[in-house]
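Enquirer: The residues making up each chain are set out below.
2 protein chains.
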Amino acid sequence: MEVGICKQDMLQKKKNAVLVDGVILNGPIMDSKAGEKFVEEACKIIMEEVIQKANDVTEKVCEWRAPETLKKILDLEMRDTGESHQKLLQLCQDVIQYSVKTSHPRFFNQLYAGIDYYSLVARFITEALNPSVYTYEVSPVFLLVEETVIKKMIEFIGWEEGDGIFNPGGSVSNMYAMNLARYKFCPEIKEKGLSSLPRLVLFTSEECHYSMKKAASFLGIGTENVYFIKTDERGKMIPEELEKQVQRARKEGSAPFLVCATAGTTVLGAFDPLDEIADICEKHGLWLHVDASWGGSALISRKHCRLLHGIHRADSVAWNPHKMLLAGIQCCALLVKDNSGLLKKCYSAKAAYLFQQDKFYDVSYDTGDKSIQCSRRPDAFKFWLMWKALGTTGLEERVNRALALARYLVEEIKKREGFQLLLEPEYANVCFWYIPPSLRKMEDGPEFWQKLHEVAPIIKERMMKKGSMMLGYQPHRGKVNFFRQVVISPQKDSG
Amino acid sequence: MEVGICKQDMLQKKKNAVLVDGVILNGPIMDSKAGEKFVEEACKIIMEEVIQKANDVTEKVCEWRAPETLKKILDLEMRDTGESHQKLLQLCQDVIQYSVKTSHPRFFNQLYAGIDYYSLVARFITEALNPSVYTYEVSPVFLLVEETVIKKMIEFIGWEEGDGIFNPGGSVSNMYAMNLARYKFCPEIKEKGLSSLPRLVLFTSEECHYSMKKAASFLGIGTENVYFIKTDERGKMIPEELEKQVQRARKEGSAPFLVCATAGTTVLGAFDPLDEIADICEKHGLWLHVDASWGGSALISRKHCRLLHGIHRADSVAWNPHKMLLAGIQCCALLVKDNSGLLKKCYSAKAAYLFQQDKFYDVSYDTGDKSIQCSRRPDAFKFWLMWKALGTTGLEERVNRALALARYLVEEIKKREGFQLLLEPEYANVCFWYIPPSLRKMEDGPEFWQKLHEVAPIIKERMMKKGSMMLGYQPHRGKVNFFRQVVISPQKDSG
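Chains as they are written, first to last, in our numbering: chain A, -12 to 482; chain B, -12 to 482.
Quick caveat, the hints were computed from the structure, so don't treat them as lab data. Here the structure is a predicted model, which means the values were calculated and not measured. Honestly, I wouldn't trust all of these hints.
Identical copies carry no separate label here, and so any pair may be met within one copy or between two of them.
Think about it this way: if two alpha-carbon atoms lie no more than 35 Å apart in a straight line, the pair counts; the simulated DSBU-like pairs of lysine-lysine are [claimed, not checked]:
id	residue 1	residue 2
1	K171	K24
2	K402	K138
3	K401	K24
4	K401	K337
5	K428	K466
6	K31	K74
7	K452	K20
8	K290	K20
9	K74	K217
10	K139	K58
11	K217	K31
12	K47	K31
13	K31	K337
14	K58	K231
15	K346	K59
16	K179	K231
17	K139	K452
18	K47	K438
19	K402	K58
20	K238	K346
21	K401	K238
22	K31	K332
23	K74	K24
24	K139	K438
25	K337	K223
26	K171	K452
27	K31	K238
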């Protein structure tokens, strides 16, 4: 190691430079003025190319390129030497140009859409401040904000008290709940693991989100130990079937511990009958988790909250404000009714380097040990700023409008030739087939359905290549490919 | 349900409004011009209050307020009606003022610091575009970028091929690896779970990150089945001890499946001897995972990559470019040597609504089923843009500089009265005690150490209340509270 004063001829500008191991230490290595200018110029591009165009229906929703073509267009390779600011700004332009505009009024491909300016500002602040939410000392504002938002969400669920945490996705929230229910069922699992235990079994509907299977596999429970409960023709869990399956599991000698109900299924937007399911859970002493990732936002609407009637009886709820409420990817809360510190007991590892107990403030504000993550983003903050800006009334309007738009769309589909509704929607998911003229006179039968199955992918391809619209489709439980449209963007103009 | 043309007197501005369920559907509900203006004004605040002040050592690193005081200052409550833009901008100011400035030159509290302008721009683009990375159709650019970045990181590890995924945190990457190793060991676990299996056992050092315990508990393995291997005085795993523990586990009839080595421990910055550990893993047929969340960035430096000698023999590696390389919270890759699709086989749930097989493009680009998440952020993108901007050489300089600064700091500590080094650092973690004048003449003994233990929290409190510096401290393996300083900010001026 060499530490010393560098020779005059090595110093271009700075006297008394400190040289260690070939590195001149004093003086920043970054040109911060140039960096700031670069940020300013890039922000201008973002404002013009993304934010101001978000409302413009004449823009393309996507500029489709096949993977091999796009690879050639984008200069993806990372090299030994860096690029000029000019080149980098062009790269930013290209990234924007060939990315899908999820805030475009014709983006209906997922269960989120649109742009919320307040959430966006909160996200810019987050990125600039670059916080990590685990201890009060490094994230004082964001931890208090998270606490406030969780408390408010709990009010809407209808619990008197509770706890919660924001997670990177509803899938992760569902995993948390599954693990929490398991811990409550048998706290020794945390230390002992599952190997000597009876087979744990959980119940969820056939229409549940695929994260249930992922969670069961990840947590070591196994997908075969997820008992899928039959649903009715609208996609709602049949309580009598649940009762039967719980009894079957008991007879098999396995250990039922959890029912996951869904409030707003992914494809059909169905709501499981929570009150009746809660009765069964109570009777059998099972944890009730409600995956309201998609449907939870209806709780904000006095008109539509009845869809989740009985949710106050749940032990835990997953709810993603990044979907219908437009809080931005990702904003996902897991709410827990327990207020005895179960979340912390279940998840804590008590790392001494992070959660010191001899701090000068009340360390109960250090909530990082409720999480499976170490560094964690302050996702509650964007929801909070948006809520402050719009008020509960503004959020409520957003929900009411999405559901009114769905009803409008349903009426239009009924009126128009060649469109056929899959079923009368309960929520914002409008599922329908488009039957092209060539099939309209065809007899109902396997051939018709086979041909219809091929229609949605072709239309989707055409729309994407044109850049006119993005719309999800899927086959589902014996039904051939149909479109699923959800209209949640506040930019949407149906007139 | 009522769908109809609304009466003239209800229409202030718009004729032929469509009214459904009390909601006027045509016309956006947002004033987008006002929204854009709000974003512009907020961006100005962010630029002035966060970005331009990042380099200013005369600013406070934090404006400390106790939780109860801060609650009173911030108007946290969310109300029925929204706030004015003026009020909201003031709120943004307050959020910034009372948040810790993690990019401040005197922020040494965690293993990340500083600001990188290119990564920041990429993050602003991400937030504006609001993508979710699961299918090529919705995230074409970001998926190609992720593929490119993973390939490049794999090159630095020294594998000829491989696979990978970006996760929300190194803890999550470690969990992925643990589950992947388990799946490789016994693929039926995915369906069957752990209940009928022998006790699975994994090995990691006493100095490993706490996420190992969290992962073992979450995955149903149990923390008791994590066998902690003794380390030497520098914090490095002792290979002979590992060998002994593997044999002990075999004798007990349990099933060893995984060794987690650490490259850059959290507190001491120690690197486990990967080559010797790899020999043992090979001999016993165990998966070798290297948690290089902190130390992985040294791979970029030709001078320091020897710290990870042998890493090419690992089966998986966790590496967080958001730490020493400044890519922004969070940017965490799990890299996997297997190239036979193990990641997808282990994690897939094949949701038909998302991963349709009849798409018009090559669906092997739809990599979302490699993940436990559904919606996922494009964290590779910020690393990519930064890499494009700085080149490999620029990233290398960042690492070399951090390590040179550590050596400089060590020399200074040795020179200055009242400072005592805990040990000669191997990496960037400089661990030391500050011995106040009152203790300098005291005899070495329990009373001295007890008093010294109380020093760091008091100094930290004083520095935070003054806003002059943030520095981590902890007790560690019998050693009383000491400071851990890591200097990685490119803004840092040591002169």
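Enquirer: Run every hint past the structure and note whether it holds.
Expert: Verification of the supplied hints:
In this assembly of identical chains, the alpha carbons of K171 and K24 never lie at most 35 Å apart, being 54 Å within a copy and 49 Å across copies at closest. In this homomeric assembly, K402 and K138 never come within 35 Å of each other (Cα to Cα): the closest approach is 45 Å inside a single copy and 52 Å across copies. Taking identical chains as interchangeable, the C-alpha atoms of K401 and K24 are never at most 35 Å apart, the minima being 54 Å within one chain and 41 Å between chains. In this homomeric assembly, K401 and K337 come within 35 Å of each other (Cα to Cα) only across copies, at 32 Å, whereas the closest approach inside a single copy is 59 Å.
When the C-alpha separation of K428 and K466 is checked against a cutoff of 35 Å, the pair qualifies only within one copy, where the shortest distance is 20 Å, while the shortest distance between copies is 83 Å. Taking identical chains as interchangeable, the C-alpha atoms of K31 and K74 lie at most 35 Å apart whether they share a chain (16 Å) or sit on different chains (25 Å). For the identical chains of this complex, K452 and K20 are inter-copy neighbours only, at 30 Å across copies versus 42 Å inside a copy, given an alpha-carbon limit of 35 Å. For the homomeric pair K290 and K20, the shortest alpha-carbon distance between copies (30 Å) is at most 35 Å, but the shortest distance inside one copy (53 Å) is not.
Within a single copy, K74 and K217 get their C-alpha atoms no closer than 56 Å, and across copies no closer than 51 Å, so neither meets the 35 Å cut-off. Only between protomers do K139 and K58 lie at most 35 Å apart by alpha-carbon distance; the minimum there is 15 Å, versus 46 Å within a single protomer. With identical chains, the CA atoms of K217 and K31 are never at most 35 Å apart, being 53 Å at best within one copy and 55 Å at best between copies. Taking CA atoms no more than 35 Å apart as the test, K47 paired with K31 passes in both settings, with 20 Å inside one copy and 29 Å between copies.
Taking the shortest alpha-carbon separations for K31 and K337, neither the intra-copy value of 45 Å nor the inter-copy value of 40 Å comes in at or below 35 Å. In this assembly of identical chains, K58 and K231 lie within 35 Å of each other by CA distance neither inside one copy nor across copies; the values are 53 Å within and 50 Å between. For the identical chains of this complex, K346 and K59 are inter-copy neighbours only, at 22 Å across copies versus 54 Å inside a copy, given an alpha-carbon limit of 35 Å. Both within a single protomer and between protomers do K179 and K231 lie at most 35 Å apart by alpha-carbon distance, with minima of 31 Å and 22 Å respectively.
Within a single copy, K139 and K452 get their C-alpha atoms only as close as 43 Å, which misses the 35 Å cut-off; across copies the closest is 31 Å, which meets it. Proximity of K47 to K438 under the C-alpha cut-off of 35 Å is restricted to the intra-copy arrangement: shortest distance 29 Å within a copy versus 68 Å between copies. In this homomeric assembly, K402 and K58 never come within 35 Å of each other (Cα to Cα): the closest approach is 44 Å inside a single copy and 54 Å across copies. Proximity of K238 to K346 under the C-alpha cut-off of 35 Å is found in neither arrangement, the shortest distances being 52 Å within a copy and 44 Å between copies.
In this assembly of identical chains, K401 and K238 lie within 35 Å of each other by CA distance neither inside one copy nor across copies; the values are 48 Å within and 70 Å between. In this homomeric assembly, K31 and K332 never come within 35 Å of each other (Cα to Cα): the closest approach is 47 Å inside a single copy and 43 Å across copies. Proximity of K74 to K24 under the C-alpha cut-off of 35 Å is found in both arrangements, the shortest distances being 14 Å within a copy and 28 Å between copies. Neither within a single protomer nor between protomers do K139 and K438 lie at most 35 Å apart by alpha-carbon distance, with minima of 49 Å and 44 Å respectively.
In this homomeric assembly, K337 and K223 come within 35 Å of each other (Cα to Cα) only across copies, at 22 Å, whereas the closest approach inside a single copy is 41 Å. For the identical chains of this complex, K171 and K452 are neighbours neither inside a copy (51 Å) nor across copies (40 Å), given an alpha-carbon limit of 35 Å. Taking the shortest alpha-carbon separations for K31 and K238, neither the intra-copy value of 65 Å nor the inter-copy value of 66 Å comes in at or below 35 Å.
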